[in-house]
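Trainee: Top line first, the protein sequences correspond to chains A and B. Here this note's numbering is used: the first residue of the first sequence is 1, the next is one more, and so on. Here this note's numbering is used: the first residue of the second sequence is 1, the next is one more, and so on.
Keep in mind that the hints were calculated from the coordinates and are not lab data. Ideal Cβ placement from N, Cα and C applies to all residues, glycine included. Where hints are given, some of them may not hold.
[What the hints assert, rightly or not] Derived EDC-like pairs: lysine to aspartate or glutamate, alpha-carbon spacing no greater than 16 Å straight-line:
#1 B:K348 <-> B:D108
#2 A:K296 <-> B:E75
#3 B:K296 <-> A:D71
#4 B:K296 <-> A:E250
#5 A:K360 <-> A:E250
#6 A:K348 <-> A:E28
#7 B:K176 <-> B:E135
#8 B:K129 <-> B:D193
#9 B:K175 <-> B:E128
#10 A:K296 <-> B:D71
#11 B:K129 <-> B:D108
#12 A:K221 <-> A:E250
[Said to hold, decoys possible] Here are the simulated distance ranges between beta carbons:
#13 B:G25 <-> A:K296: 21 to 29 Å
#14 A:D71 <-> B:G297: 35 to 43 Å
#15 B:R344 <-> A:Q309: 53 to 61 Å
Protein chains: 2
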Amino acid sequence: MEPFSFELLATDGSARAGVFHTPHGDIETPIFAPVGTQATVKSLTQAHLLELGASLVLSNTYHLYLRPGDDLVAEMGGLHQFMNWQRPMLTDSGGFQVFSLPEFRKIDEDGVTFKSHIDGSIHRFTPEKAVQIQENLGADIIMAFDECSSPYDRAYSQRAMQRTHAWLERCQAAKKRPDQALFGIVQGGIFPDLREESARFVASLGLPGHAIGGLSVGETKPEMHAMLEVVNAILPAEKPRYLMGVGAPEDLVNGVMRGVDIFDCVLPTRLARHQAAMIPGGGRINMMNARYAHDKGPIVDGCTCYTCQNFTRAYIRHLIMAREMLSGTLISIHNIHTLLTLVREMRKAILEHRFEAFAKSYLDGYKA
Amino acid sequence: MEPFSFELLATDGSARAGVFHTPHGDIETPIFAPVGTQATVKSLTQAHLLELGASLVLSNTYHLYLRPGDDLVAEMGGLHQFMNWQRPMLTDSGGFQVFSLPEFRKIDEDGVTFKSHIDGSIHRFTPEKAVQIQENLGADIIMAFDECSSPYDRAYSQRAMQRTHAWLERCQAAKKRPDQALFGIVQGGIFPDLREESARFVASLGLPGHAIGGLSVGETKPEMHAMLEVVNAILPAEKPRYLMGVGAPEDLVNGVMRGVDIFDCVLPTRLARHQAAMIPGGGRINMMNARYAHDKGPIVDGCTCYTCQNFTRAYIRHLIMAREMLSGTLISIHNIHTLLTLVREMRKAILEHRFEAFAKSYLDGYKA
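Here chain A stands alone, though its shape is the one from the complex (with noise of 0.2 Å):
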């Protein structure tokens, strides 16, 4: 049996439901990926993940080569074992965190010149080097380097995509595991000619899934929703659909509605250590609030998850005024199970065929 496949179950408009099959075992799709940006999901054990029923975890390329490095993770087993994860796990290509450092970078055809945030020693990273720190870390899934662009910038986004088709390539020349899944990147800002070139480019190299890069990156929502109905009418259906670093709720049926298989975002746990917890059916609310001081309820009645089945609003009110780390590890731990809730959901409309209803219903309710 090949390493990688994906079944698709069901289809409800262009919504979907799936497994891909990896070698760390299945995911169930549509799936929300917590960020483990530095080999560990900020705040939560294994166990809570493993708890709360995660199945994908990322990880950063670009974090992990400047620390602990990548050989030493090889050394170690590879990142499943390093930081004891043994389901599915996927590593981005560093691409998004090198264009995204404040401070010195310098780009040509061939890659990035970069200088660590760590200590300010200059970094290179190229396609195949991409490749090869992805095949240290051995994610069950590794990203393609691309160039995340300006969204509202034509030239560059064009600029940009071409650059990331063409390391794109190399990418695909350069890997060797069979056990690991490329997906490739589809680029191209907010333009719809470009993104249709794009998604028409990256498909057609016959890679085990495909992602949707540069959204969510400054552009309107109407604007993402339209790159989405773009691209995902290309990309072939057989294949895994992963729209990166996206990750509020209603950006998740968005996403689903459309077409998307995949997410991950680092939303959950950033917004747990800023004291925003994340209600069903949307919104936040910010439990640092004067007016939970004495809230016998959890954040969320209802909510199957042990902060909300074990601690009341104001316990954990108590913890953020008394700068208790554990207040950032309970808001984790409800958001994330907000989120793996909401996928699950869908997974169930969509099974079931009333996923339309289903997402009219989230999105009318919608307080953001």
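We have chain A; now place chain B onto it with these hints.
Mentor: Just chain B now, kept in the frame of chain A:
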């Protein structure tokens, strides 16, 4: 049945194995109590504490009085409900914290006026107030308001001891809740005659348990041991004995050897936040040490804690270098497990009448 009773199951030399029955369950002694200063054992969820098999957890009156306020905790159903720890709890009296404040404090025969470390506001604790706060908090074991002296200052130690005795009588008179056990505290610095006088006085009041304060505050180990011997020769055998603020492994062994039943200390969690892991048999290792960068072993070979069963030294060092919160959580789990394992081993050794050999072997092998 009385809400509190102490069953002495076995003695071996001066070492004792027993059970202290409380309204929230049994405490098998000897026991070590992790400290949840602000109603949370730092970096751990309550599920972690249950998994570690913790029974007694301590929390701090001074901190909870200031934030979130004992009235709020009472309104939330008391500390057990507030932090959702349904096993036995103990609160200190706030005395130690108030007397440790670097800034303004004024002591008189009636009580102490002090400045909040949070906002500089002025507050006053008296014995009656300390009891009232602890009745609001609702722990199973509450502590008398005492004054901890400088151990080598005889005049001050005597004055503080006398004040501690007067305050203990006032605490006993003020106490109303039958579901809380008030423990009196023996003081007297490093002076055997003062310790003897203090132990006799405290023992004369018919309290359900007795504590030994003012140790591990700067005196030598032989001085600490001498004081324990003087005091425990006087404190009645049929009541539990609690050595406050002591948590180094060799101190637990030396304490149990001299008749102590209960210990508490911030040491395991504080060490964890400073990257230090405890080693059974004594000693600690600095997990940040570069020698662990490539180390595939657990913190301690054969350790059965979650951390050692799942993660390598290399991974924990990486978390520390990357300033990830998970390092504090994982080392805290290991350190508390180490101390709870030690007290369980001592209990078993006492029940099997081989404590002397256990203690000798432990202390001989001690790598401080």
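Trainee: For each hint given before, does the structure comply? Return the numbers of the non-compliant ones in rising order.
Mentor: Failing hints, ascending: 1, 4, 8, 14, 15.
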